[in-house]
Structures are given as C-alpha cells and as structure tokens.
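Listed below, chain by chain, are the residues.
Number of protein chains: 2
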Amino acid sequence: MRIAVDAMGGDYAPEQIVAGALDALDSLQDDKILLIGPEARIKELLGDPEVWQNKIIIHNATEVIGMDESPVEALRRKRDSSIAVMAKLAKEGHADVILSAGNTGACVAAAQMRMRPLPGVERPGILVVFPTIHGPLVLCDVGANITPKPSHLHQYAIMAEVYARKILKVENPTVGLISIGQEDAKGTDLIKSTNQRLKDDPSLRFIGNVEPRRMLEKPADIVICDGFAGNIILKLTEGMAESIFKYIFHEFKQQKPELLQHFMPVVEKIYAEHDYTEYGGAPLMGIDGTCIICHGNSDASAIKNAIMVSLKQARAGINEEIAKRLKSLEE
Amino acid sequence: MRIAVDAMGGDYAPEQIVAGALDALDSLQDDKILLIGPEARIKELLGDPEVWQNKIIIHNATEVIGMDESPVEALRRKRDSSIAVMAKLAKEGHADVILSAGNTGACVAAAQMRMRPLPGVERPGILVVFPTIHGPLVLCDVGANITPKPSHLHQYAIMAEVYARKILKVENPTVGLISIGQEDAKGTDLIKSTNQRLKDDPSLRFIGNVEPRRMLEKPADIVICDGFAGNIILKLTEGMAESIFKYIFHEFKQQKPELLQHFMPVVEKIYAEHDYTEYGGAPLMGIDGTCIICHGNSDASAIKNAIMVSLKQARAGINEEIAKRLKSLEE
Numbered sequence: 000m001r002i003a004v005d006a007m008g009g010d011y012a013p014e015q016i017v018a019g020a021l022d023a024l025d026s027l028q029d030d031k032i033l034l035i036g037p038e039a040r041i042k043e044l045l046g047d048p049e050v051w052q053n054k055i056i057i058h059n060a061t062e063v064i065g066m067d068e069s070p071v072e073a074l075r076r077k078r079d080s081s082i083a084v085m086a087k088l089a090k091e092g093h094a095d096v097i098l099s100a101g102n103t104g105a106c107v108a109a110a111q112m113r114m115r116p117l118p119g120v121e122r123p124g125i126l127v128v129f130p131t132i133h134g135p136l137v138l139c140d141v142g143a144n145i146t147p148k149p150s151h152l153h154q155y156a157i158m159a160e161v162y163a164r165k166i167l168k169v170e171n172p173t174v175g176l177i178s179i180g181q182e183d184a185k186g187t188d189l190i191k192s193t194n195q196r197l198k199d200d201p202s203l204r205f206i207g208n209v210e211p212r213r214m215l216e217k218p219a220d221i222v223i224c225d226g227f228a229g230n231i232i233l234k235l236t237e238g239m240a241e242s243i244f245k246y247i248f249h250e251f252k253q254q255k256p257e258l259l260q261h262f263m264p265v266v267e268k269i270y271a272e273h274d275y276t277e278y279g280g281a282p283l284m285g286i287d288g289t290c291i292i293c294h295g296n297s298d299a300s301a302i303k304n305a306i307m308v309s310l311k312q313a314r315a316g317i318n319e320e321i322a323k324r325l326k327s328l329e330e
Numbered sequence: 000m001r002i003a004v005d006a007m008g009g010d011y012a013p014e015q016i017v018a019g020a021l022d023a024l025d026s027l028q029d030d031k032i033l034l035i036g037p038e039a040r041i042k043e044l045l046g047d048p049e050v051w052q053n054k055i056i057i058h059n060a061t062e063v064i065g066m067d068e069s070p071v072e073a074l075r076r077k078r079d080s081s082i083a084v085m086a087k088l089a090k091e092g093h094a095d096v097i098l099s100a101g102n103t104g105a106c107v108a109a110a111q112m113r114m115r116p117l118p119g120v121e122r123p124g125i126l127v128v129f130p131t132i133h134g135p136l137v138l139c140d141v142g143a144n145i146t147p148k149p150s151h152l153h154q155y156a157i158m159a160e161v162y163a164r165k166i167l168k169v170e171n172p173t174v175g176l177i178s179i180g181q182e183d184a185k186g187t188d189l190i191k192s193t194n195q196r197l198k199d200d201p202s203l204r205f206i207g208n209v210e211p212r213r214m215l216e217k218p219a220d221i222v223i224c225d226g227f228a229g230n231i232i233l234k235l236t237e238g239m240a241e242s243i244f245k246y247i248f249h250e251f252k253q254q255k256p257e258l259l260q261h262f263m264p265v266v267e268k269i270y271a272e273h274d275y276t277e278y279g280g281a282p283l284m285g286i287d288g289t290c291i292i293c294h295g296n297s298d299a300s301a302i303k304n305a306i307m308v309s310l311k312q313a314r315a316g317i318n319e320e321i322a323k324r325l326k327s328l329e330e
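Order-wise, the sequence lines are chains A and B.
Numbering that gives the first Met the number 0 numbers the first residue of the first sequence as 0 and each following residue consecutively.
Numbering that gives the first Met the number 0 numbers the first residue of the second sequence as 0 and each following residue consecutively.
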C-alpha cells in the first residue's frame, strides 16, 4: 500500500507528522509512505536517509491550507497545497490511502472532488470511533453531510456496519439512530423516515432511536446521525470532558491541594483508557479509496496509529464489501 | 399570583411535589398554589390543614400522563389528567402560572393548545439556564420546536434576551448561534439565514456562531439553537457529566479507595455550584402566561425553587416586554 500523508496538516505539523511517519516505518510491510509538503523542510526533519529512504517518498508541495480557511475556496486558490497535491496523487493512482490532520472541510472536499465515490454511494460520511467504558462506539456522520436525506443515513448505517465488523471485529453490530426520544415517533421527518428505512432493512440489527443522554453508555455498537448533530455531539463531548476535568482540578487545588498528586494518575488512566487515537483517524466512508482525517492536535503517536489503522482498513476489503451490500440493497 | 402545580408530574410525584409546594409557602405573598391531582392523596400528603389552608387550593384530577406516553394522544385520551386540568385552569383564567415535572411534550402541547400565544410570537420555545463556571448560560430552544424557521430562532433570541436581562439581571447580554464552526458560512441553510437575521437586528448583541465545544466556557450569555440540536446538547451534557463522574469514582475505587472520601466533597461542591435547580424550571417562552417545565427528577427543593423563580418571572413583566420588542421588529 502507498499511504500519502499530509505533512503540513494539524497543530503540530510538520514536526509531529514527520515523526509519526518515521515511527510507523518498522510496522510497514512492502508499504510506502508518501510525505507531502515542502521537500527541504521534510528532508531536514527526516534526518539520516539510511533510516527512511526505501520506505518514504517526498512529494513537494509549497502551500498550506490553514485550519480556519474556507475549504472549497482554499482548494481553488492553493493548487499546490499539501491537501490538494495529496488528493491529486490519489486521483492519479499513486496513493491508496490519503491521511491528513489538517483542515477537515478541505480534506473532505478534496477527496470528494478528486477521488471517485464508491459505486452506489450517494454521499460520503465521516465515521469516528468513540472510546467508552463499555468499548468502542461508532458514530457516523460527524460532519461531511449536514443536510442528509434518509437514504444517505441508511447508507451510513451500512458502511458503519461493515467497518465495525471488519475493523473493530464486532460480530453482528447493533445500530441505533440519534433522536430526542426513543419512541419511533420522536424526532424530525428525517429521523422518522430513516427509522423506518433502517427497520425495513433485514441486513441491519437496528435497535431503534437512541438518546444522546446515553451516548457514553454505548447504547449500540453504531450510532447514526446527520452531520450537523454528529458534529455537535463530537465537539460537545470533547469540550465537556475537558471542562469537567478542568473544574475538578480547580476544586482539588482549592480544597485539597495536597491530594492533587493522587488525582493525576486517576485522570491519566481514564484518558489512557479513552484514547481515541487508538482507533486511528476518522475515515471518510464512501469514496473509492481510503481517506483518513486525523484530529488537528495529533502528535507523532496519533499519526503513527492513524497510519497503522488506515493500512488495516485499506487491506480489509471494506470498500468491496460496501459496494456489494449497496448493490444488493438496490435489487 | 396563582401558581398551578401538577402534583402528579415527575419521578418523585406526588410526595416530593407536594413537599416542595409546602416548602414554598413561607415565601409567598398574596399568592396561592393550586395543587392538581387526586384530592384525597394530596390532602393526606399536605397534613395539618392549619399549615396550608389559606395558601393551597386542591384541584382534583384523576388521571396521570406517563413520562413516556405520546403527548398529543395522551392529552386527547386523558381529559382528566393533571396536565390537562392544569392547562384548563390557565385557559379559564384561574391560574397565572402552570408548572410540571411531568411529560415535557404533553406540557408543551397542553400549553400550546390551551393558552394563547403571545402577540407576535410564531412558535413557543423552551429556555433553560445552564450553570457554568463563568456564570449562567441561557439556551433556547431545547425541544419545543425541532424544525424551526429562521424567524422562529430570531424570536427565541429576543425572548431569551429579555429573560436574561429581567430574570438573570445580565446587562446587555450577548447572543450566539450554535453551529459547527464560527465562520458565518458554516452550518445549514437554517443557520446561515438565522445568522444573517441576528446580525441585522440592532437590538441584539449578536457575536456570531458559537461551537458546542465551548459551551461550558460560556461563549455568550445566550445561545440559540433549533430544538433538535438544543435537546441533544441538553441531554448529552447531562449524560456526559454523569458518566464522567461515574468513571472517576470507578477509577478512584480501583486505584485509591482510601482517597474516595476526599473526592466526595470536591464533587459535591462542583454539583452545588452547578445546581441548575437554582434557576428554577425551564420556561416555555412565547405563550400568554407562564409555563414552567421542571426536570423529571425534581425533588422538593427543586420544585420549591421552580415555584419561586416562576413567581419572579410572572411578576417581571417579561411577556409585555417581549410583545413590545416583537412589535417594534415588525415596524
């Protein structure tokens, strides 16, 4: 496999991205990593060529799309940005996987514009794996498609189901649909139509609507939602966890500063057990190829994990399985 | 003021509801509490008539709408339910305030069907006050209107602004709009149109889109959202807080059971500082009267607070101010 990595994407690029690529080298088989970014700088960070020269290929890109830039406009203007060059490599058949911790919107747009959709897929969706105390929870879509149709959400359920089985090794994964109440009649027209579609699909183990209150209790193996709600859930969860731990630290410091040292290991263990980087980056499901979107704050270890999981995904035949499932749905 | 209280609504009804009403008696002026539910049972719970007979009036209601019943259907079937009788009292001019910890949907539907909308209001919305470390944050709508139009969200901003000034005593409150990115161009068509409307209204201190990640950092005094997203935010926040504290307890117990006793007061202080019952129940804004929806798990203290805040709201002239603001908007 050839994995194209955007060396300029994310808060700690290029240093941590390049370091992550180097860390991944030992786990590669015949695979190659293509690092996209300013050649001289990347070479400098890679260091001794003996270590990497047979496994890493540098593809020069002189521009960078910022985290806050408008995706489509930035892609149009910055033809030589690392994200644009990365997507072009995939389009021209030089890369099997593309991976970036940069501007998510630009990454999704580049993949959608440059890579073909999988046969039968109406709209790609971003899938994330949430760590919970009861095991990994798959959430899809978290922002690629903010005004989906019921058929899109139905396809997300199928794609996530294949992912959960093939990558997370969940047998017969259950599927839930995010709504504001468990009853079938609760929610918008989109939710009600989607609920009916999922219920009517015998290939899915649909358990009905699930409420966000129970998200961390893992109400199902897979939870489906529109990209607007999914993005809110993803970001709110992250922000809440940060805020709550911050409150607790603050209170400990005020009330029992001498105990703060004992609280740290507890928090560290919780963080370690809920380390989402373990599951790699978030795949954009439904394109003909493998596109992985990493968190903006990815460090070398997160990038290394994302590379490893992306390889697993590219080798697992997920896309073939999805195309087959969607085809049988049409029949 | 006459405050009609649904004695049968909520997880701890009727005991805790009746106890809350009794606790509120000392703080009443000329006000009266109307307790709605099975007369004999309520009388029994009220105890010595000397204590309450000049301040509490019992209105008999023989049926109860369950927490999970379909609101509109239940209201149609159970004409003598406490919620139906409560709304009827308001309709007939016998109550200034209605208050329930029961089925939220039934409460909203009863208020909408029985009480008139405020002049100029297109759709009522539920407002909640979120406690954060930086002070109270107002969120509206959290579930009354799951497919709003931009004009509805605009009205929620105005109603919430009046509430923040009159009840929370916030001078010149800032208003934000929940979206999946801060930039004006981020979000659904609903969000983009609403953003433009809020920006064009000189009576509002609109600060633009806010991301859910920063919710607990209080990005603005008021955050506006559609009822579907708002309900997700409300429920997810509640569930997350519970889950995270549960994780921490679990880890402490595993790692340092001897320190659990020191952790408890820290958590208790955080809970006390973030006690949403301090701000009373959630008002349904935009109806001609005062309708307060309490959390299903309300205890006597929560009910007492809700009664007190509802009185404050009913006396503050909020509805008159809202009607005036909406009228000037039309001109």
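Note that these hints are calculated values from the structure, not bench results.
Be careful, since some hints might not be right.
Said to hold, decoys possible - Simulated restraints on C-beta separations:
{"#": "1", "chain 1": "B", "residue 1": "168", "chain 2": "A", "residue 2": "237", "range": "28 to 34 angstroms"}
{"#": "2", "chain 1": "A", "residue 1": "327", "chain 2": "B", "residue 2": "263", "range": "54 to 60 angstroms"}
{"#": "3", "chain 1": "A", "residue 1": "267", "chain 2": "B", "residue 2": "53", "range": "43 to 49 angstroms"}
{"#": "4", "chain 1": "B", "residue 1": "237", "chain 2": "A", "residue 2": "168", "range": "29 to 35 angstroms"}
Claimed, not checked - Output of the computed footprint for chain B on chain A, the stretches with three or more beta carbons under 8 angstroms from beta carbons of chain B:
{"#": "5", "stretch": "136–150"}
{"#": "6", "stretch": "204–213"}
{"#": "7", "stretch": "260–270"}
{"#": "8", "stretch": "299–308"}
What the hints assert, rightly or not - Listed below are the simulated BS3-like cross-link pairs for lysine-lysine, each with C-alpha atoms no more than 30 angstroms apart in a straight line:
{"#": "9", "chain 1": "B", "residue 1": "90", "chain 2": "A", "residue 2": "245"}
{"#": "10", "chain 1": "B", "residue 1": "245", "chain 2": "A", "residue 2": "252"}
{"#": "11", "chain 1": "B", "residue 1": "168", "chain 2": "A", "residue 2": "185"}
For each residue, glycine too, the CB sits at the ideal point set by N, CA and C.
A quick look at each hint next to the structure:
Take residue 168/B and residue 237/A: their Cβ atoms lie about 32 angstroms apart, and the range 28 to 34 angstroms holds. Taking the beta carbon of each, residue 327/A and residue 263/B are about 55 angstroms apart, inside 54 to 60 angstroms as hinted. For the hinted restraint 43 to 49 angstroms between residue 267/A and residue 53/B, the CB-CB distance of approximately 60 angstroms leaves it violated. Checking the proposed 29 to 35 angstroms range against residue 237/B and residue 168/A shows it holds: the Cβ atoms sit about 32 angstroms from each other.
With 3 residues bearing a CB less than 8 angstroms from a CB of chain B, the stretch 136–150 of chain A meets the requirement of three and the coverage assertion stands. Interface restraint, the stretch 204–213 of chain A with chain B: holds (4 residues with C-beta to C-beta distance below 8 angstroms; minimum three). A count of 7 residues in the stretch 260–270 of chain A with a Cβ less than 8 angstroms from any Cβ of chain B is obtained; the coverage claim is therefore met, three being the minimum. Counting residues of the stretch 299–308 of chain A whose CB lies closer than 8 angstroms to any CB of chain B gives 0, so the stated coverage by that chain is violated, three being the minimum.
Among the hinted pairs, residue 90/B with residue 245/A is inconsistent with the structure: their alpha-carbon atoms are about 47 angstroms apart, more than 30 angstroms. As the CA atoms of residue 245/B and residue 252/A are separated by approximately 21 angstroms, the hinted pair is consistent with the 30 angstroms bound. At most 30 angstroms may separate the alpha-carbon atoms for a hinted pair to count; residue 168/B and residue 185/A exceed this at roughly 36 angstroms.
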